[in-house]
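S.K.: Given chain L, work out where chain E should sit, using these hints.
Those protein sequences? They're chains L and E, same order as listed.
Every position in the first sequence, counted from 1, becomes a number in the working numbering once 73 is added.
Every position in the second sequence, counted from 1, becomes a number in the working numbering once 392 is added.
I should point out that these hints are in silico values taken from the structure, not numbers from a laboratory.
Where hints are given, some of them may not hold.
What the hints assert, rightly or not - Pulled a few chain L residues facing chain E out of the computed Cβ check, cut under 8 Å: (1) Asp325; (2) Leu649; (3) Ala682.
The beta carbon of each residue, even a glycine, is placed where N, CA and C say it ideally should be.
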Amino acid sequence: MTVGQSVRRKEGRDKVTGAAVYVDDWSLPGMLHGATIRTQSPRGRIRGIKFAPNINWDEFVIVTAKDIPGRNAVLLIDDEQPYLAAESFEHAEEPVVLIAHPDKHKVEEARRAVTIEFDPLPPVLTMEDSSRVFKSFHMDKGDVDSVWARADFIVEGEYSTGAQEQLYIENNGMIAVANSQDGVTVWGSLQCPYYVHKALKGLFDLPDEKIRVVQMETGGGFGGKEEYPSMIAGHAALLAWKSGKPVKIIYDRAEDMAATTKRHPSVTRHKTAVSKDGKLVGMEIDFAIDGGAYMTLSPVVLSRGTIHAAGPYSCPNVRVRSRAVATNYPPHGAFRGFGAPQSIFALERHMDRVAAAVGLSPEEFRRRNFIKQGETTATGQVISEAVDMNGLMERAFAAIDYYAKRKQFAAQDPSALRRKGIGFATFMHGAGFTGSGEDYLKSVVGIEATANGRFRILVASTEIGQGTNTILCQIAADTLGVAYESIEMAKPDTASVPNSGPTVASRTCMIVGKLVESAAIGLKQMMAASPDRPLRAFSQYKAPPGIRWDDEKYQGDAYGAYGWAVYVAEVTVDLLTWETRVDDFVAVQEVGKVINPVLAAGQIEGGVAQGIGYALYENVVWKDGRMANNQMTNYIMPTAADVPPIRVYFAETPYKYGPSGAKGIGELPHDGPAPAILNAVEHATGLRVNHAPLTPELLCALS
Amino acid sequence: MRSELKCTVNGVARTAQVYPMARLLDVLREEMHLTGTKEGCGEGECGACSVLVDGELVNSCLFPALQAEGANIRTIEGVAVGDKLHAVQESFLLHGGAQCGMCTPGMILAAVSLLERIPHPTEAEIRNGLAGNLCRCTGYTKIFESVVKACER
Numbered sequence: 074m075t076v077g078q079s080v081r082r083k084e085g086r087d088k089v090t091g092a093a094v095y096v097d098d099w100s101l102p103g104m105l106h107g108a109t110i111r112t113q114s115p116r117g118r119i120r121g122i123k124f125a126p127n128i129n130w131d132e133f134v135i136v137t138a139k140d141i142p143g144r145n146a147v148l149l150i151d152d153e154q155p156y157l158a159a160e161s162f163e164h165a166e167e168p169v170v171l172i173a174h175p176d177k178h179k180v181e182e183a184r185r186a187v188t189i190e191f192d193p194l195p196p197v198l199t200m201e202d203s204s205r206v207f208k209s210f211h212m213d214k215g216d217v218d219s220v221w222a223r224a225d226f227i228v229e230g231e232y233s234t235g236a237q238e239q240l241y242i243e244n245n246g247m248i249a250v251a252n253s254q255d256g257v258t259v260w261g262s263l264q265c266p267y268y269v270h271k272a273l274k275g276l277f278d279l280p281d282e283k284i285r286v287v288q289m290e291t292g293g294g295f296g297g298k299e300e301y302p303s304m305i306a307g308h309a310a311l312l313a314w315k316s317g318k319p320v321k322i323i324y325d326r327a328e329d330m331a332a333t334t335k336r337h338p339s340v341t342r343h344k345t346a347v348s349k350d351g352k353l354v355g356m357e358i359d360f361a362i363d364g365g366a367y368m369t370l371s372p373v374v375l376s377r378g379t380i381h382a383a384g385p386y387s388c389p390n391v392r393v394r395s396r397a398v399a400t401n402y403p404p405h406g407a408f409r410g411f412g413a414p415q416s417i418f419a420l421e422r423h424m425d426r427v428a429a430a431v432g433l434s435p436e437e438f439r440r441r442n443f444i445k446q447g448e449t450t451a452t453g454q455v456i457s458e459a460v461d462m463n464g465l466m467e468r469a470f471a472a473i474d475y476y477a478k479r480k481q482f483a484a485q486d487p488s489a490l491r492r493k494g495i496g497f498a499t500f501m502h503g504a505g506f507t508g509s510g511e512d513y514l515k516s517v518v519g520i521e522a523t524a525n526g527r528f529r530i531l532v533a534s535t536e537i538g539q540g541t542n543t544i545l546c547q548i549a550a551d552t553l554g555v556a557y558e559s560i561e562m563a564k565p566d567t568a569s570v571p572n573s574g575p576t577v578a579s580r581t582c583m584i585v586g587k588l589v590e591s592a593a594i595g596l597k598q599m600m601a602a603s604p605d606r607p608l609r610a611f612s613q614y615k616a617p618p619g620i621r622w623d624d625e626k627y628q629g630d631a632y633g634a635y636g637w638a639v640y641v642a643e644v645t646v647d648l649l650t651w652e653t654r655v656d657d658f659v660a661v662q663e664v665g666k667v668i669n670p671v672l673a674a675g676q677i678e679g680g681v682a683q684g685i686g687y688a689l690y691e692n693v694v695w696k697d698g699r700m701a702n703n704q705m706t707n708y709i710m711p712t713a714a715d716v717p718p719i720r721v722y723f724a725e726t727p728y729k730y731g732p733s734g735a736k737g738i739g740e741l742p743h744d745g746p747a748p749a750i751l752n753a754v755e756h757a758t759g760l761r762v763n764h765a766p767l768t769p770e771l772l773c774a775l776s
Numbered sequence: 393m394r395s396e397l398k399c400t401v402n403g404v405a406r407t408a409q410v411y412p413m414a415r416l417l418d419v420l421r422e423e424m425h426l427t428g429t430k431e432g433c434g435e436g437e438c439g440a441c442s443v444l445v446d447g448e449l450v451n452s453c454l455f456p457a458l459q460a461e462g463a464n465i466r467t468i469e470g471v472a473v474g475d476k477l478h479a480v481q482e483s484f485l486l487h488g489g490a491q492c493g494m495c496t497p498g499m500i501l502a503a504v505s506l507l508e509r510i511p512h513p514t515e516a517e518i519r520n521g522l523a524g525n526l527c528r529c530t531g532y533t534k535i536f537e538s539v540v541k542a543c544e545r
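Chain L with its partners taken away, still in its complex shape (with noise of 0.2 Å):
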């Protein structure tokens, strides 16, 4: 068996070595260089393009709207957003003009001398001011409006959170080659290889088959290289469709910082009724993000934040509203967690607040309300895993020391210039597409036996770090009774492999890891019946029985399974510079069945420093619409000096139908430690944060 065994990462020596291939450590013969000329400004009207006379034009290949052969839309929900603006535009840094070369260094210099001449339209800034909404949805659970006048307390509350920048370290890019004989071919950094082929058979009005978009090796997505790899995959073979060259477009970062998507910023509020023994009776959520200046993922965004906005709680009158409105800011999108970190901060963040207006800890608050197993969610759905929040707290407390660590800090001197805190959050995270949408993608799994007696796994779910080669290679030895070794990833290549769904909301170990186990099983018996090589076996999605859920009502069973959590920040807070330390960090989660510990636990401890990241110090900085802080100088994500011990424990609970009992896992970290310290963060100051991030200059002027 190597399920539950540390097995090695299956490109892993690649990786040691520097051997493995990445876009930019790729080249064709004849090769240009492509780059990109956006607006510097968050509306208006095309007036025209200006091409300095000091650069001989001759030698580009430009492209512009006008040379688009199909639709000029990057398709995913809807058809909004151009791949290049004629006319008007919506966001800075929205693309206009492609360029290429084969000398990089002409194009910079070329990139320079363009310039787009435009009149202003005024911009919308802030969501307030926004009349335009992408989605909304009302979510309704027993009868929220009879609760007030029974209610012993009601406490609202506020809170915001920023922009974060997902800051994979290999930034976006893509290598193009097309023409209308052979057809589009893309290779490039990516999660979703079915994404970027639905965009560009539009762009290019072709049919599947001419199509092809193969991942390269990819160095880290966390939602980032979700979407936007369309737009960049279609930059490129515009520019190799006109040049009839292959094309490379690699962004430098300040370029990919300030263009591509980021995690949309929110507004939360609440309003709690509870019972005088701490009972929550009715919780009223509005929600709101910002969808930037086209829809994108905005939709499904909200509806992941929507779902989890009333947590882990057993309350029987909840009402969620929410909306994702339209800004002139550039289209904000994936980012893991993908809407559930905007809106279990409030939450737990609130409900720290409505424990201390009932004069409770915050523990024996949460522990009076944690769902259990048999109750329902604010969906309606009822639990059916058996489902231990308690002992999930007692046990990060354990590892924390919480109570005397509490009570300790709490007797602090309060005239000290250095403060202590601990805090913490209770959450849980779907796995899986939301509701139907599983059902909807209805992905498909292949498996092969090999003329040469070894075993292919055939998907288009990617490698980003997460270990989906390594789980997958696990999970399809053991059904198949062979040696890791004997397993292999095929490329994600569209040409060659299923579409087993995009590498998005923690559902490739769980969802697709399933349908490898089912194909695997499939491939045994064929195997058995005959001696012909290759053989190879296909399984598609089909929903566990029961699974019910209503579109129109938001109602029903949201997420197959979740994983519950409950993360401890222990800060230090320094009264004078106003910076917040992390000094330990607790994790503890029910994940199902951990697949590959050491993968598993490398999951947790990358998405708490991400958390931390957001909670302390990623502070976009948005100037005029454009992101003023577009370099890893000033735009700040933790470092080796910065993150506390990440001390990870799991507790497994089998998934009846996850493979071996296991569900998702790489969303659920990014959860929990935002709120987690600035509850830490209060309890060390008594200050009310109620935005993240939170960063000295915040938190000196609410003092």
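M.R.: Frame of chain L; chain E shown alone:
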């Protein structure tokens, strides 16, 4: 106007024609096809482009190539000896020190450099030694563990 650069890379004498302001990073990647050295930010913040120049850990994106004249350069491609991985590489493989792999070459060179200076570093020394190399995947925990375990080998 290119100038000739002569240096030793991973024990091999190399010559390249380089522009006066060329970055060592570009010369390694484009002229010598040593693409294991990565570019993450181009401004000396992330350390993905770390290499050893005469034993000193440098950000090759900030290092003018011509300054490497006569120098002994070690890149990630020169860390393993043939098929035999360096103890740090082996340890990164075993203990989950590499995830997406993009920071890994620079991180491994930083760790190798640290252990060559301090064979048994304290935790604080490991943190300081690696603080110039950003990793977005691991939260550094498994990287620290990999370095500690590499010392024990």
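S.K.: Now tell me, hint by hint, if it's right for this structure.
M.R.: Going down the list of hints, with the structure as the test:
no.	hint	in the structure
1	Asp325	holds (6 Å)
2	Leu649	violated (23 Å)
3	Ala682	holds (3 Å)
Hint check: a violation occurs at hint 2 only; the rest are consistent with the structure.
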